[in-house]
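For the sequence shown, the residue numbers in this note's numbering are 42 to 329.
None of these hints come from the bench; they were simulated from the model. Among the hints, a few may not be true.
So the derived label-pair ranges between C-beta atoms look like this [to be verified]:
#1 Ser138 <-> Glu251: 19 to 25 Å
#2 Asn290 <-> Leu208: 35 to 41 Å
#3 Asp233 <-> Gly302: 19 to 25 Å
#4 Asp294 <-> Ser138: 18 to 24 Å
#5 Arg225 <-> Lys266: 39 to 45 Å
#6 Leu208 <-> Lys266: 38 to 44 Å
#7 Ser260 <-> Asp135: 17 to 23 Å
#8 Ala132 <-> Gln84: 22 to 28 Å
#9 Asp294 <-> Arg212: 24 to 30 Å
#10 Ala129 <-> Met299: 27 to 33 Å
#11 Asn290 <-> Arg225: 31 to 37 Å
#12 Ala207 <-> Arg259: 23 to 29 Å
#13 Ala129 <-> Asp200: 34 to 40 Å
Virtual Cβ for every residue (Gly too), placed ideally from N, Cα, C.
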Amino acid sequence: MAALHVKRYEYAGTGDSGAPLLLIHGWGMHGGMWSGVAEQLAQNYSVMAVDLPGHGYSANNERGKEQGSRIKEQDLACPLNLEPAHFALDAIVDELSAQFGEQLAVCGWSLGGQIALRWAMRRPQQVSRLVTVASTPCFVRRAGWDHALSAEILQEFADNLQHHYALTLKRFLALQVRGGEQEREWLTILRDTLFSRGEPDLAALQGGLEILRSIDLRSALPDIKQPVLVIAGERDMLTPPQASHYLANHLPDARLVMIRGAAHAPFLSHATEFVENVMNFLNEQKHG
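Let the sequences and hints guide you as you build the complete structure.
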């Protein structure tokens with residue numbers, strides 16, 4: 042696979058270089074989604090935002106070098122097709138772990154939150170602190186677990202990917218902002234940003250959906266000993282607030298921040314509140 046693309050935001054603080062913080066995006070997205078809050082956090086930390094395997098410039102980096110920093114949507118009408126095994130949860134974690142040699146804090150949004158939790162479990166010496174954003178230990182409803190999407194919804198997305206690729210991604214964006222404040226405005230912004238780094242690889246999208254369908258991390262939560270900040274949107278319809286309460290209650294060292302009026306992307310819709318909470322959490326590491 043091509044090397045992962047990592048955007049590094051220049052540390053703007055004084056004194057030491059700032060503790061490293063890695064931002065991991067959600068399904069079908071790319072690291073550019075973090076740009077607004079990443080620039081704010083870079084005042085105090087060495088911030089990095091990764092494009093996951095098969096997403097953004099990690100899927101299209103060679104084309105990006107040829108055409109410049111921005112890839113237009115129409116330039117990649119036919120997604121590449123890599124092996125789905127490359128996009129299994131542990132394969133992604135191993136690739137991320139190999140990319141970063143230093144200990145770091147990890148912040149994951151949605152699917153990125155599951156990746157962050159699994160990484161902390163598999164490589165506890167590498168991940169110092171965790172922030173999960175609009176994430177859940179289990180995306181799909183199961184016996185005894187109702188705080189999730191139905192399996193039929195994810196299956197519908199998987200079926201439609203083959204035939205209505207861009208439309209399926211845009212429908213997923215609509216679910217992310219539904220119910221939140223200024224829903225239409227944020228949907229427009231997300232759609233404008235979605236393909237700014239090219240289209241994600243089809244196998245990466247299929248692999249990501251398989252993670253969402255199959256992974257259940259509930260039994261593993263007691264083994265994640267790092268401090269965790271669980272950030273949730275009060276109006277999130279993809280990962281209901283009850284799932285975030287479950288995370289905070291079953292991780293050994295976790296706290297919950299519920300952002301009022303936010304849907305599935307609180308770091309976009311409520312950026313100031315998001316940054317303030319993340320900074321307060323990470324500053325505990327400096328002074329602890």
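Status of the hints after comparison with the structure:
no. : hint                          : result
1   : Ser138 <-> Glu251: 19 to 25 Å : holds, 21 Å
2   : Asn290 <-> Leu208: 35 to 41 Å : holds, 38 Å
3   : Asp233 <-> Gly302: 19 to 25 Å : holds, 22 Å
4   : Asp294 <-> Ser138: 18 to 24 Å : holds, 21 Å
5   : Arg225 <-> Lys266: 39 to 45 Å : holds, 42 Å
6   : Leu208 <-> Lys266: 38 to 44 Å : holds, 42 Å
7   : Ser260 <-> Asp135: 17 to 23 Å : holds, 21 Å
8   : Ala132 <-> Gln84: 22 to 28 Å  : violated, 34 Å
9   : Asp294 <-> Arg212: 24 to 30 Å : violated, 37 Å
10  : Ala129 <-> Met299: 27 to 33 Å : holds, 32 Å
11  : Asn290 <-> Arg225: 31 to 37 Å : holds, 34 Å
12  : Ala207 <-> Arg259: 23 to 29 Å : violated, 34 Å
13  : Ala129 <-> Asp200: 34 to 40 Å : violated, 20 Å
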